[in-house]
Amino acid sequence: MSKESWNMAATLCDSCKTTSAALFCRADSAFLCIPCDGKVHAANKLASRHARVWMCDVCERAPASFTCKADAATLCVTCDRDIHSANPLARRHERFPVVPFYDPATAVSKVGGGGDNDNDNNDHHFLLDFDVNVAGTEAEEAEAASWLIPDPNSKSLMDLRMIINRSTCLTRSIHTLI
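Residue numbering for the sequence shown follows this note's numbering, beginning at 2 and increasing consecutively.
Hint data in this document are derived by calculation from the structure and do not stem from the laboratory.
It is possible that some hints are incorrect.
FRET-style restraints, in silico, Cβ to Cβ [as the list claims (entries may be wrong)]:
#1 Val100 x Lys46: 15 to 23 Å
#2 Glu95 x Thr19: 35 to 43 Å
#3 Ala11 x Arg167: 52 to 60 Å
All residues carry an ideal CB built from backbone N, CA and C; glycine is no exception.
Please build the complete structure, drawing on both the sequences and the hints.
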């Protein structure tokens, strides 16, 4: 592999080329830092209507495509696939398509759009503010539960320990008799 393929540095801003990009403008196909976004998209009325999305929180190299509610992260397609195929619990995370924002990046927070001009019918939230009921089969539930760490103080776990201790004592007694 070439040395370049191991470079995991964040994508640089296409405008200033000195700062890491914070967002991606689809209309311009440009990675921009927040100060450059303000300059570029304040230039004229047409540019101010460009849809933009934040960069992936994990790799910082690609535009985010999904928001994972459990991880509180925005993820590109590749990072979403890698992270959410890791184990049964990760597969159950609620994920939503990223909704682009149109306001200046300085006025939009990653946790829900809007800025000073925010009103009650703000329809460009970055993270969605609703729950989706994700139901799984019994097999999926059991597999996911197997990844959970048991409560060491639970009565059923204490009963299990007592049974194991008794069977160990019984086994020792049998071996001493033989």
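Results for each hint:
no. : hint                       : verdict
1   : Val100 x Lys46: 15 to 23 Å : holds, 22 Å
2   : Glu95 x Thr19: 35 to 43 Å  : holds, 37 Å
3   : Ala11 x Arg167: 52 to 60 Å : holds, 58 Å
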